[in-house]
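Next come the chains, spelled out residue by residue.
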Amino acid sequence: MGLQENLQAEQVCSLPLRDPVIVSPHTSIAEVVEAMKTQRLGCAIVVDADSKPIGIFTESQLVRLLAESQSNFGSPVSQVMSHNWPTVKQNAPIVDVLKLMRKHNVRFIIVINEEGQLAGLTGQRSMLEYIADHFPEQVMVQRIGGTPHLHNREGA
Amino acid sequence: MIEEFQDPLANYDPKEYCDPVERSLAEESVLTIQHRPYTTISPETPVRDAIKTLSALDISCLMIEAGGSLVGVFSETDALL
Numbered sequence: 001m002g003l004q005e006n007l008q009a010e011q012v013c014s015l016p017l018r019d020p021v022i023v024s025p026h027t028s029i030a031e032v033v034e035a036m037k038t039q040r041l042g043c044a045i046v047v048d049a050d051s052k053p054i055g056i057f058t059e060s061q062l063v064r065l066l067a068e069s070q071s072n073f074g075s076p077v078s079q080v081m082s083h084n085w086p087t088v089k090q091n092a093p094i095v096d097v098l099k100l101m102r103k104h105n106v107r108f109i110i111v112i113n114e115e116g117q118l119a120g121l122t123g124q125r126s127m128l129e130y131i132a133d134h135f136p137e138q139v140m141v142q143r144i145g146g147t148p149h150l151h152n153r154e155g156a
Numbered sequence: 157m158i159e160e161f162q163d164p165l166a167n168y169d170p171k172e173y174c175d176p177v178e179r180s181l182a183e184e185s186v187l188t189i190q191h192r193p194y195t196t197i198s199p200e201t202p203v204r205d206a207i208k209t210l211s212a213l214d215i216s217c218l219m220i221e222a223g224g225s226l227v228g229v230f231s232e233t234d235a236l237l
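Residue numbers (our numbering), protein chains in the order written: chain A, 1 to 156; chain B, 157 to 237.
Watch out, some of these pointers could steer you wrong.
Only pairs whose alpha carbons sit at most 20 angstroms apart, straight line, appear in this in silico SDA-like list of lysine to any residue [stated by the list, open to error]:
(1) A:K99 <-> B:L181
(2) A:K89 <-> A:M1
(3) B:K171 <-> A:I131
(4) A:K99 <-> B:D175
(5) B:K171 <-> A:M1
(6) B:K171 <-> A:P136
(7) B:K171 <-> A:Q4
(8) A:K99 <-> B:L236
(9) A:K99 <-> B:E178
(10) A:K37 <-> B:A235
(11) A:K99 <-> B:S180
(12) B:K208 <-> A:F73
(13) A:K99 <-> B:V177
(14) B:K208 <-> A:V80
(15) B:K171 <-> A:F135
(16) A:K37 <-> B:L236
(17) B:K208 <-> A:S69
(18) A:K37 <-> B:C217
(19) A:K37 <-> B:V203
(20) A:K103 <-> B:V177
(21) B:K208 <-> A:L17
(22) B:K208 <-> A:Q61
(23) B:K208 <-> A:L65
(24) B:K208 <-> A:S60
(25) B:K171 <-> A:G2
(26) A:K103 <-> B:S216
(27) B:K208 <-> A:N72
(28) B:K208 <-> A:F135
(29) A:K37 <-> B:L237
(30) A:K37 <-> B:T195
(31) A:K37 <-> B:D234
These are calculated hints, taken from the structure and not from any lab test.
Please construct the entire structure, taking both the sequences and the accompanying hints into account.
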């Protein structure tokens with residue numbers, strides 16, 4: 001099958017999903033940032049008591065906070081998190097991830113199960129890995145040519 | 157004695173693609189999708205100013221330029237680390 005067909009036929013759960021940084025709304029921004037650093041992820045997902053995602057805190061928001069002189073990193077993350085972040089169901093076609101990233105201009109997409117609970121994190125990095133796996137020959141040639149491997153440093 | 161002519165492309169099999177997405181990903185260069193304009197800073201730019209620039213322009217990375225050459229990238233992730 002071609003890539004286009006695969007993107008429509010394969011489900012999101014077959015992507016290399018990442019274990020997200022999961023925090024509660026009461027977690028301080030400082031603790032959230034520390035967890036993101038430790039897990040080397042560009043975002044943290046805020047969940048409620050039922051493990052349903054209610055918000056997200058990203059490195060873009062961190063940059064905005066750092067740029068403001070009055071930011072209080074002891075505040076709960078719920079005060080600064082983004083609400084209504086796009087989500088995709090585990091059994092949705094992979095192409096939906098691409099559509100959501102494009103529509104909302106975001107790098108991370110939250111993956112949920114049938115009950116609406118957090119199931120994982122996907123996005124730009126997962127899609128890059130998926131596409132690279134589809135072209136193993138070309139990627140190998142490029143790596144032999146001296147292009148360094150991507151460090152595990154950014155996002156999903 | 158005249159050497160027998162050998163077609164250098166005799167063993168060349170043009171790559172076949174399953175669909176247009178595969179073809180464009182494999183054959184189009186980054187030139188077709190590269191983002192311009194981009195913003196540059198110098199290696200001496202204070203981190204605070206780099207962060208303010210990222211925030212003000214709502215972009216995720218800055219090119220670090222020295223002597224007309226690209227010497228690095230400063231991204232949102234660097235602000236995290």
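Okay, the hints, checked on the actual structure:
no.	hint	result
1	A:K99 <-> B:L181	holds (17 angstroms)
2	A:K89 <-> A:M1	violated (23 angstroms)
3	B:K171 <-> A:I131	holds (18 angstroms)
4	A:K99 <-> B:D175	holds (19 angstroms)
5	B:K171 <-> A:M1	holds (15 angstroms)
6	B:K171 <-> A:P136	holds (14 angstroms)
7	B:K171 <-> A:Q4	holds (17 angstroms)
8	A:K99 <-> B:L236	violated (27 angstroms)
9	A:K99 <-> B:E178	holds (17 angstroms)
10	A:K37 <-> B:A235	holds (10 angstroms)
11	A:K99 <-> B:S180	holds (18 angstroms)
12	B:K208 <-> A:F73	holds (17 angstroms)
13	A:K99 <-> B:V177	holds (15 angstroms)
14	B:K208 <-> A:V80	holds (18 angstroms)
15	B:K171 <-> A:F135	holds (12 angstroms)
16	A:K37 <-> B:L236	holds (7 angstroms)
17	B:K208 <-> A:S69	holds (10 angstroms)
18	A:K37 <-> B:C217	holds (18 angstroms)
19	A:K37 <-> B:V203	holds (18 angstroms)
20	A:K103 <-> B:V177	holds (19 angstroms)
21	B:K208 <-> A:L17	violated (32 angstroms)
22	B:K208 <-> A:Q61	holds (12 angstroms)
23	B:K208 <-> A:L65	holds (10 angstroms)
24	B:K208 <-> A:S60	holds (12 angstroms)
25	B:K171 <-> A:G2	holds (13 angstroms)
26	A:K103 <-> B:S216	holds (18 angstroms)
27	B:K208 <-> A:N72	holds (17 angstroms)
28	B:K208 <-> A:F135	violated (38 angstroms)
29	A:K37 <-> B:L237	holds (6 angstroms)
30	A:K37 <-> B:T195	violated (26 angstroms)
31	A:K37 <-> B:D234	holds (10 angstroms)
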